[in-house]
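**Q** These are the residues of each chain, in order.
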Amino acid sequence: MKKKIKIKINGKVNKIDDKTKLSDLFKNLKVPLKKVAIELNREIVDKKNLNKINLKANDKIEIVHFIGGG
Amino acid sequence: MKKDNLIISKKKFNSRLIVGTGKYKSMVECAKAIKISGAEIVTVAVRRVNISDTSKPLLMDYIDPKKITYLPNTAGCFNSDEALRTLRLAREIGGWKLVKLEVLGDKDNLFPEMIETLKSTEILTKEGFKVMVYCNDDPLMAKRLENAGAAAIMPLAAPIGSGLGILNKVNIQIIRNQTKLPLIIDAGLGQASDATIAMELGCDGVLVNTAIAKAKKPFEMAKAFKNAVIAGRQSFLSGRIEKKVMGSASSPKKGII
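Those sequence lines, one after another, are chains A and B. Going letter by letter, the first sequence gives residues 1 to 70 in our numbering. Going letter by letter, the second sequence gives residues 1001 to 1257 in our numbering.
Hints were generated in silico from the structure; no laboratory data involved. For every residue, glycine included, the Cβ atom is placed at its ideal position computed from N, Cα and C. Certain hints may be false.
Only pairs whose alpha carbons sit at most 30 Å apart, straight line, appear in this in silico DSBU-like list of lysine-lysine [stated by the list, open to error]:
hint	chain 1	residue 1	chain 2	residue 2
1	A	Lys-34	B	Lys-1023
2	A	Lys-34	B	Lys-1143
3	B	Lys-1056	A	Lys-12
To be clear about the criterion: a stretch of chain A counts as covered by chain B if any three or more of its residues have a C-beta under 8 Å from a C-beta of chain B, and this derived list gives those stretches [what the hints assert, rightly or not]:
hint	segment
4	7-20
5	23-35
6	60-68
In isolation and in its complexed conformation, chain A is listed as follows (with noise of 0.2 Å):
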């Protein structure tokens, strides 16, 4: 069985294998990509570059989209 890490996406705990692209936890999310943008640990990932991306422990996941405001 794989390695399980944690990591978190927005500010929520989630239990995945180790070394999960990015790209493959973004299928599994089922987040449509056009509408989001991505941050890892305090950085803005450049969606084009999702497969080159191995998450590891601890790492912290941001997606936002936009909604209603002022």
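Given chain A, put chain B in place with the hints provided.
**A** Positioned in the frame of chain A, the structure of chain B alone reads:
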């Protein structure tokens, strides 16, 4: 007649009414109100995606960013770092460079924190953003924002969501006289006539959210604001009469029976 467009960072808009997309009962209601208002620019907020339920429709499903210009805001930011982080993320979603900077200083009165706002304006402008800046109705600070490279000056009429209307017309007038930048009244309007007054003062546009979204009949109010902005603009361009203390009869004195 020459077309009277609102021009922000070389982009032309027919409507001088900008509307916020917050506080509506639903996204359907929001989209309909925007359509009725005729607004071509809408403000939007940047927030976390609900990853536990990604099947829910998103704002972009209701308001097409190809047809309506999205103006990402930094609502809820209380310092420069938070505001910069938010707008950099907003740009990443889809190349948005035209943004609304709003750095608040107090959770209750929601007045803008102008030192942080100025600092953020400088940095964002250097990064290539076109920054429309929510600010206090202070002519000196407005000047400093202009010097820092702001794309538009957006002074408050009154505290956000207060509905008090323009509290300091003199200040708005002074800011109008000193700047050629787009001047847009942002926040604090309560009813359509407030928008007319802003336009009659020579403002280039108004930004309204709560006054429409929280009206008893949002669609009717959206229409009222649309008309009020047009009326105010026409009135401003028509050149009002001088104010006099005494009366001046409208009917000729000659031929009175």
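**Q** For every hint, state whether the structure bears it out.
**A** Results of checking the hints against the structure:
1. As the CA atoms of A:Lys-34 and B:Lys-1023 are separated by approximately 25 Å, the hinted pair is consistent with the 30 Å bound.
2. In summary, the hint linking A:Lys-34 to B:Lys-1143 is not supported, as the alpha carbons are separated by about 38 Å, beyond the 30 Å threshold.
3. The straight-line distance between the Cα atoms of B:Lys-1056 and A:Lys-12 is roughly 19 Å, inside the 30 Å bound, and the hint therefore holds.
4. Chain B is given as covering the segment 7-20 of chain A, and this holds because 4 residues of the stretch bring a CB closer than 8 Å to a CB of that chain, at least three being needed.
5. For the segment 23-35 of chain A, the assignment as covered by chain B holds, since 6 residues bring a beta-carbon within under 8 Å of that chain's beta-carbons and 3 suffice.
6. Given a C-beta distance limit of less than 8 Å, the hint that chain B covers the segment 60-68 of chain A holds, as 7 residues qualify and 3 suffice.
In terms of the numbered hints stated before, the structure departs from hint 2 and from no other.
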